[in-house]
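S.K.: Residue strings, one per chain:
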Amino acid sequence: MDDAVAPASAALTTGPIWKRPVSRRAVLGTAAAGATAAALAVLWKGGELSAILDRARDLTHGYQGALNSERVRVAHLLRRVGFSATPGELDRYLAMGTAGATKTLVDYQQISNAALEAALPAVDPSGGRGVATVGAMQAWWLQRMVQTVRPLEEKMTLFWHGLLTSGLDKAGPAQMFAQNQLFRKMAMSNFDDLLKAVSKDPAMMIYLDTETNRKGKPNENYARELMELFTTGIGHYSEDDVRESARAFTGWTLQGTAQRRLATDSVFVRRLHDDGLKTFMGRTGNLTGDDIVDILVPLRATAERLSARLFSFFAYPNPEPEIVHHLADTFQRNRYNAGAVVREIFAMDAFYSDKAYRALVKSPAELVAQILKATGADAKGYIAAATAMAPMGQLLFYPPNVAGWPGGSSWINSSTLLTRINLANGATQRVRASLPADSLDKLISTLVDGNVSPTTKDGLHAYAAAHAGEQASLLFMVLATPEFQLN
Amino acid sequence: MFSRRDFITQGLLPVFAGSAVPAVFANGVAAAAADSPKATPSDRVLVLVQLAGGNDGLNTVIPFQDGAYHDARPTLRQDQGVLTLNGELGLNPNLKGLKASWDAGQLAIVQGVGYPNPNLSHFASMSVWETASVKGGIGDGWLGRYLNYLDQVGESPNHALEGVSAGSLVPPELRSKTPVTALQSLRTFRLQPVNEHGTQVDVENPLMKFYSAFKSAGPAPFGALLDTTLQEALQASHALQATDATYEAKGSYPSNSPIASSLKLVAEAIVCGLGVRVAHVTLGGFDNHAREKPVHDRLLLDLDQALSAFMQDLQGHGLGDKVLVMTWSEFGRRVKENGSAGTDHGTAAPMFLLGAPVKGGLYGQQPSLNDLDNGNLKFSTDFRSVYASVLQGYLKAPASDLLGGNFEILPLLKA
Chain Z
3 MDDAVAPASA
13 ALTTGPIWKR
23 PVSRRAVLGT
33 AAAGATAAAL
43 AVLWKGGELS
53 AILDRARDLT
63 HGYQGALNSE
73 RVRVAHLLRR
83 VGFSATPGEL
93 DRYLAMGTAG
103 ATKTLVDYQQ
113 ISNAALEAAL
123 PAVDPSGGRG
133 VATVGAMQAW
143 WLQRMVQTVR
153 PLEEKMTLFW
163 HGLLTSGLDK
173 AGPAQMFAQN
183 QLFRKMAMSN
193 FDDLLKAVSK
203 DPAMMIYLDT
213 ETNRKGKPNE
223 NYARELMELF
233 TTGIGHYSED
243 DVRESARAFT
253 GWTLQGTAQR
263 RLATDSVFVR
273 RLHDDGLKTF
283 MGRTGNLTGD
293 DIVDILVPLR
303 ATAERLSARL
313 FSFFAYPNPE
323 PEIVHHLADT
333 FQRNRYNAGA
343 VVREIFAMDA
353 FYSDKAYRAL
363 VKSPAELVAQ
373 ILKATGADAK
383 GYIAAATAMA
393 PMGQLLFYPP
403 NVAGWPGGSS
413 WINSSTLLTR
423 INLANGATQR
433 VRASLPADSL
443 DKLISTLVDG
453 NVSPTTKDGL
463 HAYAAAHAGE
473 QASLLFMVLA
483 TPEFQLN
Chain B
2 MFSRRDFITQ
12 GLLPVFAGSA
22 VPAVFANGVA
32 AAAADSPKAT
42 PSDRVLVLVQ
52 LAGGNDGLNT
62 VIPFQDGAYH
72 DARPTLRQDQ
82 GVLTLNGELG
92 LNPNLKGLKA
102 SWDAGQLAIV
112 QGVGYPNPNL
122 SHFASMSVWE
132 TASVKGGIGD
142 GWLGRYLNYL
152 DQVGESPNHA
162 LEGVSAGSLV
172 PPELRSKTPV
182 TALQSLRTFR
192 LQPVNEHGTQ
202 VDVENPLMKF
212 YSAFKSAGPA
222 PFGALLDTTL
232 QEALQASHAL
242 QATDATYEAK
252 GSYPSNSPIA
262 SSLKLVAEAI
272 VCGLGVRVAH
282 VTLGGFDNHA
292 REKPVHDRLL
302 LDLDQALSAF
312 MQDLQGHGLG
322 DKVLVMTWSE
332 FGRRVKENGS
342 AGTDHGTAAP
352 MFLLGAPVKG
362 GLYGQQPSLN
372 DLDNGNLKFS
382 TDFRSVYASV
392 LQGYLKAPAS
402 DLLGGNFEIL
412 PLLKA
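Same order as they appear, the protein sequences are chains Z and B.
Per our numbering, the first sequence starts with residue 3, numbered consecutively.
Per our numbering, the second sequence starts with residue 2, numbered consecutively.
If you are wondering where the hints come from, they were derived from the structure by calculation, not from laboratory data.
Check each hint, because a few of them may be wrong.
[Unchecked claim] What follows is a set of in silico ranges between Cβ atoms, one per label pair, in the way DEER data are often shown:
#1 P89/Z - G319/B: 40 to 46 Å
#2 A467/Z - G319/B: 42 to 48 Å
#3 D443/Z - R188/B: 36 to 42 Å
#4 G284/Z - R188/B: 45 to 51 Å
#5 G287/Z - G361/B: 53 to 59 Å
#6 D374/B - D195/Z: 34 to 40 Å
#7 D402/B - D109/Z: 56 to 62 Å
#8 N375/B - Q257/Z: 30 to 36 Å
Ideal Cβ placement from N, Cα and C applies to all residues, glycine included.
The following block holds chain B by itself, in its conformation from the complex (with noise of 0.2 Å):
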């Protein structure tokens, strides 16, 4: 099978330009299922959910037994409908999808996730959780090496569409060589034709040479940059079109819900069989330094339903048990309201994972509200555990590799 490097540096893209598109990019997924053996089953999709702007994990997992958690809280606290998951802790009374999802045994949580050192930054400390390096900075992403890793190992089923956003960027956590597609609507991710005397005339020959002689000829990042992206997006735009499935959201998404938005997008293209195998999503606005009960209280509900309605969608078209759902945030809040009836940045803070491949449970230690660092929880367990634990259990990668260390496996994924 041609990696995608082939199809660029050996000029066979242009072969297929048009409306001809070769099997392998229409059905990218049965293509590299019917190849040799395979370490990674070709069919799972990890699907995260950014929570940015550093969600407040103690009211969204709640000590609500704790005298400190009360007493740290005189008006964000959550005293009533809290939603029991155990005689301690239970969810926040806007999760109620999420509860279901627990007492059908398919949400974990872990538990004061965090990492040594914690950065209180919003920027450096994303950067930490996108590279999974406690130094940050700009390399690839961690699930950027995973798809490298997917097309060393051949088994890439060679299109733009393995590795997707919803939106208008590229998260960090997917940066690589591999390409990426950010998607903002399955229809209209295409080049419009020209329109001239009523006819349409097809422009994306012409446009490929130009961005083809500019490669050599340009400026050196940006030449290669256009080129290469002009060509995986046709790639992807020519697989979106090629394909026969349609889509019918068996979900109940919220309307005016941009996150709902993103992950009926992310249904559309897994349920089409584009061959995602991760995808990302954002929802943003949990930086709550003011007034944050109302807030953020509206932005768990606003997520609860949306992947409600997105775990709903893939139970109806069956399939429920390809796909693992995992949240996280750049850092919790501070254990302390503020002055403004909000909470400043912090550490630690749960994570979940949602879905029929995991094994339901709490995982981890919760953090003591009274033992503490410059007003911050200390974590208990290192969020390259989680990513490890998903990496080796569920999409089944040599985790070390992807992560340049051991750690911990969780056992929070069904085998």
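So that you can see chain Z by itself, here it is in the shape it has in the complex (with noise of 0.2 Å):
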């Protein structure tokens, strides 16, 4: 831990093994390993050897050590707080060591982000939903992706856009963006002040459907979702839980305008509140939406489905049930505070193990902003690679369905591999003629940690002798590898 933050408690580090962030030692090495499995088999009392085993040997495949190189460390960061870093990005953040570039990126909101809102075109998104608004609003938002100094402003944003979904399939353009606006400002807030701000959010309202929600006539849409998707997931609530709640969300209703996909306020009409005796969860009384969220924020059930989710986000998937655990504790210890789990993510061991170095398969937001740092864009180049989005399965605004997007494996079949390879192609040949001529060893240090298999290496530089002075088409190939498409 020595050049990584400390965590949030330093009580911690003394506590017992399951409330500790894994040690670094203890995942690297295929001895370590041997010892990790012994140390999980006394915590899993009464589990399967084998399948502990098996996940201990999931530890060890073939980048082992790869993070022991501090240079292979903060790119690793750079790619799980935001979208990756330019080479010039990569040496800056390289000087400040692990320990301070983490925290320079986590404590963001001391640095300005004014070139960049110089920098991007102006956006109206009033009125309807035509392609240009949309596109125009997509293109935006990959520039700040591509361009921010605050880059875990902007990857929380987008980890918010896809847990508490909402689509411009059903909400207005102007609600979309003042939601992705709300997403940045409470990008690492209480959740349960989040949630209060999003259960009145107009495109949430409109998306799930609160604003029709009224007295004597409730609407169960958001109420379930809130439970099975936002907080506690299934199996912790009843049918009766989903009616009675939904009562307790009526009044709340959209002002300002008759067209309900372009108000951009909501307020309280008491009248519509229903204000009898409603029972949730054992507890009964007048209670209002902001009393369900009081109630279901501190349950234990959403600690650990918020904190497996960020983990699942930043790190890698299926977090083991102590990392779950401790990240939970973290969370209810720190005022439900996001902000809180996501720096001990970032300062945990577990991050920086070889279990989690590409554990993550890029998202398509997170290639082709990637990709675009590499390639650089005009304004042009921003809403035609935000707009190619759609056949990798990600269009940004667009969440599939209330679920979000499922991620992981997903991203990748025939159709999205080949519209991925595709759109690198396509960018690296928009920007032929102001590509520095880097070194083919440049582009794999900067672009895949300088770390691709022997055969790739190889081939690669065939490549680059077959063709020299095509540094595009170079470009490209490095783009196209198949380390480039994890994360």
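Can you join these two chains into the complex? Each is in its own frame, and there are hints to help.
M.R.: Structural data, given as structure tokens:
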């Protein structure tokens, strides 16, 4: 832990093993994997030993030890915190060391994004869902991902967009644009505060129908998804809880315009609120929507579900129970602060373990933003790239349904893989003229940590030799490697 | 005949890379048909149409004579223009094409389809339908298991196009060891060459080497996934490029309709003889919690026009008797409408089976609107019974093995 950020509470480092971040020493190396298996066997009383050993074997794959290099650690951090780095950015963060870089990236509120804001084109999302408006919004966000100096802010905005979903298939552009700003503003906030704001957010109110949820005429849509998808997950509530909490959320409605999809303000109208007694999860009273959030957020199931989701988003999928447990504790000790969980994840040895390295498939947003970081793009290029994300399975502001994007291996099928590779081809062809004449080794170092299979390295060198002066297609070949598909 | 895995594991595939495509890829169906006797007729195609979000069964197949329907649906009820099937039931007024199929004896309607202890979560219930297991979960899809079966009995046409879905995702019901291709366009399904000094440089061979090397060096699940996926993509791409067949739509597909485009793409793949056995398309938007009527009516119109064009297209190509269409949705909706002129999540609903292979008519029992479970219909036919009927009666596959149990076979299909 010497060069990483200290955990939120120093006491944690002396607690029992399941309350501590997994030690890097415990997850590095084959011998240590055996030690981990033994430790895990103790933790999982009565668990299948073979399953535990399989898990331990997962920790040791072909990239064992890659994260021992500080350069790779910082590059890994930048891919996860945000959308990777240009060579200049990588050098700048590397000079800070892993600890300094982490602190700078996580405490981003102090960093001015004025240059980005000045560079972004103006977006007018008022009016209908025209192709031009939607494309401009998508390009605007994609450009933020590529050029921001506060990458975690954009990454968390993307996280919330995929968890607390709303989409342009129902909500209007101005509403989705405002929700996007809300997620950005509250990116690292307390989860209960965020859920209360989202419950009254016009895009969400349209997407999950709370704007029609009235006294005597409850609509279950938001209440159900709040529990099933946003907080506890299935198995922690009854159908009665769904019906009763729907009543509690009555009273909020849109205002400002007769056209529902244009309204960007919401208001509580007392006469529309059902102020009768409701019984929700064993509590009876004249409950409001905020009360429901206040009951749901402290539940352990909520803490564990959000923690697992954040860890899976930033580190690797299916975290071990003790990691989830530790992060859920962190969440509950820090007034349900999502930011505290995120900070803790970047301080955990597990984040820098072999198991975390290239353990995620780049989402289309990550892939496209990283390609554009490598190639550069003009306004047209951002619009083209944002639109081209559709056949990869991720169109910004259009989650496929209320559960968001399934992610992981579902990003990869024969159609999306061809599209991913072809987009890199198109992007590199477009900027051919202004590409710096970087050496192949520098391209490999910046884009794939200098860490590709020997066959690929040889193949790239052979390609470079056979196609001298074709910098664009050489860059494409690096962006098309299997290594680059992973994060 | 080689299995697909032989191509991959024995490294045979690279031999065929480039323009020389083995006949087995180009003429999958023909090659398979020339082989030993088959249990499954290899020219039969099952097309699944997923109505995502929970289709309102009661406003699709309407019990228009039932007073309880009119009482439960003061603003949503369909009281004009219902297309009567008999004295009690009628189709939504926008399902005119399906009504014509009904009149021609080519539409089977299974009523009250559901499963025990229904789950009202979209995702949990979808998973139940996709895996044909009431436990749901992330196992193989029920049609993925069928594709596996084809592989096992050596009947697979040996290319990645036997299971296709229109769109950018592979649906969970087709998930298995067997590759499935998500298609967005037959023409653009290829790795574009790199353009250098105005000449086109093929990049397939170097990339195949990179991905193959990564399979052994890469992180456990993804190295193999990326390598296998690239190989499947190139196989499918070569098969598509090698086909001489040309396709001209013989149905009038509506423009600006994603479901029509999806079905047209499936028709193209079938007409071009690419060896498609199972295809999947999705029409979303059925989660109508508020202001349902105009939205739901428009969705059904869209569905009806797209399906009509699809059937017309296949008939025009002489393939009408080779294709069975089946619709499904994760659940129906609450009997009583809610206060937002919409409906909340419900349970049982009807399924459509469409095409020349079906024996038209009504199957199963229409659930009572007066005998409800928490406001929801009680199912009368288990959805796995419909699956079993299709697997056994149409695809001639061992239904009980593939579904993990015995379910009643409904006489939905001609022999």
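S.K.: Can you let me know if the beta-carbon spacing of A467/Z and G319/B is within 42 to 48 Å?
M.R.: 54 Å, violated
S.K.: A range of 34 to 40 Å was offered for this pair. Does it hold for the Cβ distance of D374/B and D195/Z?
M.R.: Given range 34 to 40 Å: holds, Cβ gap about 38 Å.
S.K.: Would you say the C-beta atoms of D402/B and D109/Z sit inside 56 to 62 Å of each other?
M.R.: Roughly 59 Å apart at Cβ, these two residues keep to the hinted range, so it holds.
S.K.: Just tell me: holds or violated, for the beta carbon distance of G287/Z and G361/B against 53 to 59 Å?
M.R.: At roughly 56 Å between Cβ atoms, G361/B and G287/Z fall inside 53 to 59 Å, so the hint holds.
S.K.: Between G284/Z and R188/B, does the C-beta distance stay in 45 to 51 Å?
M.R.: With Cβ atoms ~59 Å apart, the hint is violated.
S.K.: Quick one: are D443/Z and R188/B within 36 to 42 Å, going by C-beta?
M.R.: This hint holds: roughly 38 Å between Cβ atoms.
S.K.: Could you check the hint for me, namely that N375/B and Q257/Z are 30 to 36 Å apart, CB to CB?
M.R.: With a Cβ separation near 35 Å, N375/B and Q257/Z satisfy 30 to 36 Å, so the hint holds.
S.K.: Could you say whether the range 40 to 46 Å given as a hint is met by the Cβ separation of P89/Z and G319/B?
M.R.: The hinted range 40 to 46 Å is violated for P89/Z and G319/B, with Cβ atoms some 60 Å apart.
Hint compliance for this structure: hints 1, 2, 4 are not met, and every other hint is.
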